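Engineer: Listed below, chain by chain, are the residues.
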Amino acid sequence: MAQLQEATIKEVKVQSPRATMYMGMLKRFLQNKLAVVAGFFIVLLIGSALFAPAVAPYDPGAQDYTKIMNSPSAEHWMGTDEIGRDIFSRVIFGARVSLQAGLISVAIALGVGIPVGLIAGYYRGFLDEIIMRITDALLSFPSLVLALALAAVLGAGLENAMIAIGIVLTPNFIRLVRAEVLAHREREYVEAAKASGLRDWRVILVHIFPNTLAPMMVQATLAIASAIISEASLSYLGLGTQPPTPSWGAMLSAGQGYLADAPWIAIAPGIFIFLTVISINLFGDGVRDMLDPKLK
Amino acid sequence: MSSKDQLAVKNLHVGFQNKKSFTKIIDGINFSVKKGETLCIVGESGCGKSLTSLSIMGLLPKTGKVSEGEILFDGQDLTGLNEKQMSKIRGNEISMIFQEPMTSLNPVHKIGWQISESIVLHQKLSKKQAEEKAIDMLKLVGIPSPDKRIHQYPHELSGGMRQRVMIAMALSCNPKLLIADEPTTALDVTIQAQILELMNKLKTELHMSIIMITHDLGVVSEIADKVLVMYAGKVVEYSDVKTLFANPQHPYTQGLIESIPKLNEEQDELPIIKGSVPSPDEMPKGCRFSTRCPYATNACFNEVPPMISGEAGHQVHCWKYTECWEIVEKEGLIDAGMRETAAASQLIGS
Numbered sequence: 001m002a003q004l005q006e007a008t009i010k011e012v013k014v015q016s017p018r019a020t021m022y023m024g025m026l027k028r029f030l031q032n033k034l035a036v037v038a039g040f041f042i043v044l045l046i047g048s049a050l051f052a053p054a055v056a057p058y059d060p061g062a063q064d065y066t067k068i069m070n071s072p073s074a075e076h077w078m079g080t081d082e083i084g085r086d087i088f089s090r091v092i093f094g095a096r097v098s099l100q101a102g103l104i105s106v107a108i109a110l111g112v113g114i115p116v117g118l119i120a121g122y123y124r125g126f127l128d129e130i131i132m133r134i135t136d137a138l139l140s141f142p143s144l145v146l147a148l149a150l151a152a153v154l155g156a157g158l159e160n161a162m163i164a165i166g167i168v169l170t171p172n173f174i175r176l177v178r179a180e181v182l183a184h185r186e187r188e189y190v191e192a193a194k195a196s197g198l199r200d201w202r203v204i205l206v207h208i209f210p211n212t213l214a215p216m217m218v219q220a221t222l223a224i225a226s227a228i229i230s231e232a233s234l235s236y237l238g239l240g241t242q243p244p245t246p247s248w249g250a251m252l253s254a255g256q257g258y259l260a261d262a263p264w265i266a267i268a269p270g271i272f273i274f275l276t277v278i279s280i281n282l283f284g285d286g287v288r289d290m291l292d293p294k295l296k
Numbered sequence: 001m002s003s004k005d006q007l008a009v010k011n012l013h014v015g016f017q018n019k020k021s022f023t024k025i026i027d028g029i030n031f032s033v034k035k036g037e038t039l040c041i042v043g044e045s046g047c048g049k050s051l052t053s054l055s056i057m058g059l060l061p062k063t064g065k066v067s068e069g070e071i072l073f074d075g076q077d078l079t080g081l082n083e084k085q086m087s088k089i090r091g092n093e094i095s096m097i098f099q100e101p102m103t104s105l106n107p108v109h110k111i112g113w114q115i116s117e118s119i120v121l122h123q124k125l126s127k128k129q130a131e132e133k134a135i136d137m138l139k140l141v142g143i144p145s146p147d148k149r150i151h152q153y154p155h156e157l158s159g160g161m162r163q164r165v166m167i168a169m170a171l172s173c174n175p176k177l178l179i180a181d182e183p184t185t186a187l188d189v190t191i192q193a194q195i196l197e198l199m200n201k202l203k204t205e206l207h208m209s210i211i212m213i214t215h216d217l218g219v220v221s222e223i224a225d226k227v228l229v230m231y232a233g234k235v236v237e238y239s240d241v242k243t244l245f246a247n248p249q250h251p252y253t254q255g256l257i258e259s260i261p262k263l264n265e266e267q268d269e270l271p272i273i274k275g276s277v278p279s280p281d282e283m284p285k286g287c288r289f290s291t292r293c294p295y296a297t298n299a300c301f302n303e304v305p306p307m308i309s310g311e312a313g314h315q316v317h318c319w320k321y322t323e324c325w326e327i328v329e330k331e332g333l334i335d336a337g338m339r340e341t342a343a344a345s346q347l348i349g350s
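Chains as they are written, first to last, in this note's numbering: chain L, 1 to 296; chain R, 1 to 350.
Simulated from the structure, these hints should not be mistaken for laboratory data.
Please read these numbers as outputs of a predicted model, since none were measured by experiment.
Ideal Cβ placement from N, Cα and C applies to all residues, glycine included.
Accuracy of the hints is not assured; some may be wrong.
A few chain L residues that face chain R, going by a derived Cβ cut-off under 10 Å, partial list only [stated by the list, open to error]:
| no. | residue |
| --- | --- |
| 1 | Ser196 |
| 2 | Gly197 |
| 3 | Arg199 |
| 4 | Asp200 |
Build the full structure now, drawing on both the sequences and the hints.
Structural biologist: Spelled out as structure tokens, the structure:
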């Protein structure tokens with residue numbers, strides 16, 4: 001028993017404090033089974049999107065008129081669509097579009113939302129007032145309607161759809177960051193930071209900003225999910241990805257007409273949208289719990 | 001200002017500016033702190049103690065403004081400095097510790113990092129050297145196994161530990177002046193005593209001046225060399241600590257000291273100071289304490305009391321100790337001649 005204890009103590013001593021901290025964080029993450037499964041699915045999805053040509057059994061654009069609307073089989077795992085294309089291959093290639101849309105539009109929203117929110121919340125005053133009224137105006141539109149209008153103005157296409165979705169998501173981030181900054185700027189550690197001679201920008205970036213990260217992480221994962229749905233919606237309505245590039249939204253839209261005869265055309269991309277969105281949300285929750293130092 | 005003064009505050013007026021008007025909170029206070037001396041600023045909530053310290057740090061809220069007077073630090077007037085010059089002094093030559101150790105440390109950074117941040121900023125040391133200095137500082141404030149502690153987050157430490165970390169942070173650049181805004185209020189008494197003892201020890205070791213803001217006269221008796229009693233934005237009494245406790249002159253100071261429970265006497269009820277502090281826009285014209293003072297006369301209500309000096313720099317702002325008090329008490333009238341006699345009065349028996 002005593003030997004065992006000694007061994008454990010030695011083991012602990014070998015690790016540096018930083019390594020122990022990361023181990024603790026990893027352990028906490030692994031305890032969250034749902035998040036692990038979700039993370040696994042996301043990794044799988046990203047992997048197959050990156051290596052789509054190798055993973056997909058067929059060319060997503062290849063038409064085979066001898067196999068129109070075939071139901072799922074060993075040859076075509078998810079069946080074929082109305083012009084004989086392999087749906088599984090199209091779903092794999094469609095993942096590229098969806099993931100890209102989710103990540104890039106959220107990156108746009110974060111890139112604009114974080115600095116604007118930090119400045120509005122920290123300096124308050126007239127500038128804050130103007131920024132907040134603009135975000136109010138943007139938030140007063142239903143988000144899909146606004147995305148639709150922006151995409152229509154910018155022109156159809158994936159890039160423009162991502163920009164439009166990014167703009168629609170931005171006000172949420174501005175509001176969230178600003179609210180967090182407002183809560184933190186009155187705390188004593190911010191005053192203490194100022195009292196130790198730090199300049200404003202350093203107080204904002206080093207002391208306030210990291211404290212806003214946890215809620216932002218959750219909001220960002222939610223936003224990725226909703227960006228994927230928005231992109232699918234825009235593609236469904238013909239303003240996102242243009243044919244023949246496969247996209248989940250466009251596939252869903254195309255499959256709608258054959259719902260009675262060949263439901264798998266719409267069901268396959270639908271299931272993938274659902275799984276991706278829910279996985280990202282669960283994964284985001286797991287990451288938040290992992291990062292919170294108080295949950296050790 | 002004598003050459004030994006670390007800080008001299010002269011005729012300081014501070015208030016808040018809103019769109020229409022300027023509300024004065026601090027009305028012409030004077031004091032000085034010598035090198036290696038501890039000054040306690042005492043007074044009840046809202047009397048301008050914290051505002052005084054924030055004015056010295058140049059950290060007044062946006063609407064706050066120093067409208068008059070000067071704050072001389074090493075002979076340099078801090079009120080005239082811009083933000084950039086001020087941030088070189090803050091944390092480096094003047095440091096501050098705050099009331100709430102629970103919220104004064106940033107929850108997302110490790111404490112070693114937080115201490116070394118201002119060391120890197122002001123002393124231009126490398127990160128590695130700063131970390132070593134942080135360990136030394138933690139050792140200095142009596143934290144066991146500091147090399148492990150620097151990797152911990154604030155929530156892993158107790159309140160007393162965190163206040164020690166705050167002190168280590170404040171002292172890391174060897175400041176000439178430390179401002180402590182009620183540093184022990186949030187701690188329990190045993191920890192309180194430890195922290196006060198630590199501050200006393202560090203003061204002599206590092207030869208710095210301390211301004212301690214408190215409303216606890218027990219703390220004052222432990223740590224102060226000099227005491228400044230404030231009431232509603234004005235100084236009412238200024239003296240060294242022994243004189244103040246042995247021979248309090250101003251009725252407000254007397255009231256404060258009387259309202260401390262005594263261990264060697266049986267008391268059914270503690271004496272209190274009746275009434276409450278008047279709000280800044282309805283201050284009495286004369287002595288600000290007159291609305292609550294048991295000795296107040298007409299003169300007290302209408303005329304600002306003169307400063308009366310006694311031995312060893314003891315100062316009281318009160319009509320009661322002027323040579324014409326007897327007349328004032330009876331007649332309640334003041335003419336110019338009497339004002340002159342009053343101002344020339346000496347405080348006897350202090």
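Engineer: Now, for every hint given, state plainly whether the structure supports it.
Structural biologist: Consistency of the hints with the structure:
1. Ser196: With a minimum Cβ separation of about 3 Å from chain R (threshold 10 Å), the hint on L/Ser196 holds.
2. Gly197: 3 Å, holds
3. Arg199: 6 Å, holds
4. Asp200: 8 Å, holds
Checked against the numbered hints given earlier, the structure satisfies every one of them.
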